[in-house]
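Go by the hints and put chain B with the ligands onto chain A.
The lines below spell out each chain.
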Amino acid sequence: MTALVFVDGGDEELSAQALTFARGLGEELHAVVVGAPAAPERLGEFGVSVVHLASGLESYAPAAWAQAVVELISRVVPDVVVGPGTERGNEVLAHVAAKTDQPMAANCVSVSPGGTATVTRVRWGGSLLEEARLHGSPLLVTVAPHAVAAETIAGGADSRPAAIAEFAPTVAEADLVVRVSERIGAAASGVSLSDADVVVSGGRGVGSAEGFAVIEELAELLSAAVGCSRAVTSAGWRPHTDQVGQTGTKISPEIYIACGISGATQHMAGCKGAKKLLAINPDGEASIYAHADYAVIGDLHEVVPAISAAIRKARGA
Amino acid sequence: MNILVCVKRVPLTGGKIVLTDDERAISTRHLGFTISPHEECGAEEAIRIIEAHGGTSTVLTLGPPEAEEQLRDMMAIGIDRAVHLVTDGGEWDPQATAAAIVAAIRAEDEPYDLILFGNESADAGNYQVAIRVAHALGLPCVTGVKGLGVDGGSLRCEQEVAGGRDVFLVPMPAVVTVKEGLNLPRYPSVPGRLRAKRKPLAASTPERPDPQLEMMRLVLPPGSGKQVEVLGRGPEAAPAVVGVLQELGLV
Ligand SMILES: Cc1cc2nc3c(=O)[nH]c(=O)nc-3n(C[C@H](O)[C@H](O)[C@H](O)COP(=O)(O)OP(=O)(O)OC[C@H]3O[C@@H](n4cnc5c(N)ncnc54)[C@H](O)[C@@H]3O)c2cc1C
Ligand SMILES: Nc1ncnc2c1ncn2[C@@H]1O[C@H](COP(=O)(O)O)[C@@H](O)[C@H]1O
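Listed in order, the protein sequences are those of chains A and B.
When you read off a place in the first sequence, starting at 1, and then add 320, the result is the number in this note's numbering.
When you read off a place in the second sequence, starting at 1, and then add 1036, the result is the number in this note's numbering.
Listed below are the simulated DSSO-like cross-link pairs for lysine-lysine, each with C-alpha atoms no more than 30 angstroms apart in a straight line: (1) A:K595 to A:K570; (2) B:K1262 to B:K1052; (3) A:K596 to A:K633; (4) B:K1182 to A:K592; (5) A:K592 to A:K570; (6) A:K596 to B:K1262; (7) B:K1262 to A:K570; (8) A:K592 to B:K1052; (9) B:K1052 to A:K596; (10) B:K1182 to A:K570; (11) B:K1262 to A:K592; (12) A:K595 to B:K1262; (13) A:K596 to A:K570.
In short, the hints are calculated from the structure, not lab data.
Treat the numbers as computed from the prediction; the structure is a model and nothing was measured.
Same shape as in the complex, but just chain A (with noise of 0.2 angstroms):
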């Protein structure tokens, strides 16, 4: 078995995840990785014996990042082909899929190569799974963000350097019209929803947006990210950019606080990273239960500011 790992550059974690996933399933594990690494002979700590680096696309170009891919499929012929579940991971693989007219499975947590290679994969976003037969050849798949943790190989950091093998692929002028032409920096503001290690969150159960006065004070007292559902995106209390779920931000603070929130399971895929959670919720029935580990039964416009306050008060303030 002969896996070749397509490397994301903007996501060492992942990738990271993806070059272990892949070691589970080959003797022989080669990386592909198309612009300019750092240390790319480094990737020897997690197995890879032969680093291929794709020159001459340094600005991110999905179909001719995919036709590097191609090139490196009929020279190296590996079993299956393995990418990180990353947005350019999973477009770069289905690029490759388009290209050579196979399959592909995206987002898996366990592939069986053999006679039928079986694979389980992700779907709505981590609240269901599948089981699959993937009938292609090579196997293309992507992996699911933290089915499995990141491992280096026993020895590690003495594990013996790639190889790198460099080349130029040979790519046609229609692969290069969808590239990146410009990088605009975001304006920082305020902690960011995805890395914060404390969220709080308003749903339905606000009621308006200025109910949301609430929620931010006590988001504020505890240095958190606020966020909310998407009955409260599409009411328009709240921008997009704040909604957490399937289609919003995935989070994984140490505490996520879900006020008014019923816990529908497209909310709860964007916090299944979440370690703890606390729900504020004056239905005891509500979904979002059945997912916290603590719960303060009542209006959260009555629990909230008596959050706050009490805050306040243990801190002397």
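Frame of chain A, contents of chain B with the ligands only:
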């Protein structure tokens, strides 16, 4: 301008997913249906571009006879016409879905200038139908778009990335996949719903090829196994909440 938007009918699951006895589908006995929020934004964007530049917007779905409901919903908010590729409700894999969409696009009298998709479907999340369609039609494809501008014959597409936005400039015709947040979709009005009933809908029944990504069984992920601790009722629970926050070192 001639714009197509592709949408997929999916069950609107609530707090808990229940599977059918054969474990091949979500039990929908008590559920309504919808489309992905990404696709709703695609439809809204199509309507806005046509309002600004003139032309025709079309919505397409591959799905069971009941999926006409989603086509009418989109026509109720302003899409002009619909194409329904009718199935028996069984699962179509992404290659088969893309092939059917490509055939339907080729069968149209007028070519499309812009073909919009969701970044990923709500249920299957295959992340590939649009890319396959673009490849088959020889069109450029930009994914995950959260800002779209039409400038003469070309498009300015903005994609959110860590630390900012990446900009792609592409000529039309093009395929673009969009994400929720691109716009705030409008709700249908009562007159809109009435108009939608009379808007043209072209139905056909494509043949399903053998699946290459063959769904065998759905499985519910293991539950959290959490036992919720009720800290209290109403504002009296505040000190207990502070206790929890203190344990976490936040207070
Ligand atoms: C494909 C798809 C993707 C989706 N993606 C997302 C997503 O990314 N994020 C997301 O959030 N949703 C998403 N949704 C929508 C999701 O299905 C739910 O509709 C949504 O999460 C509901 O938001 P909510 O909990 O605020 O509202 P509701 O479900 O209406 O719940 C409101 C809750 O507030 C409680 N409440 C009422 N008054 C008070 C009060 N005074 N104090 C405290 N609590 C009170 C009620 O008891 C109730 O539990 C998606 C849906 C689909 C189909
Ligand atoms: N059955 C379908 N009918 C119409 N469009 C679809 C269908 N399945 C997928 N699509 C479109 O392709 C996008 C990506 O789907 P997927 O590749 O499954 O993630 C969706 O957001 C839709 O725009």
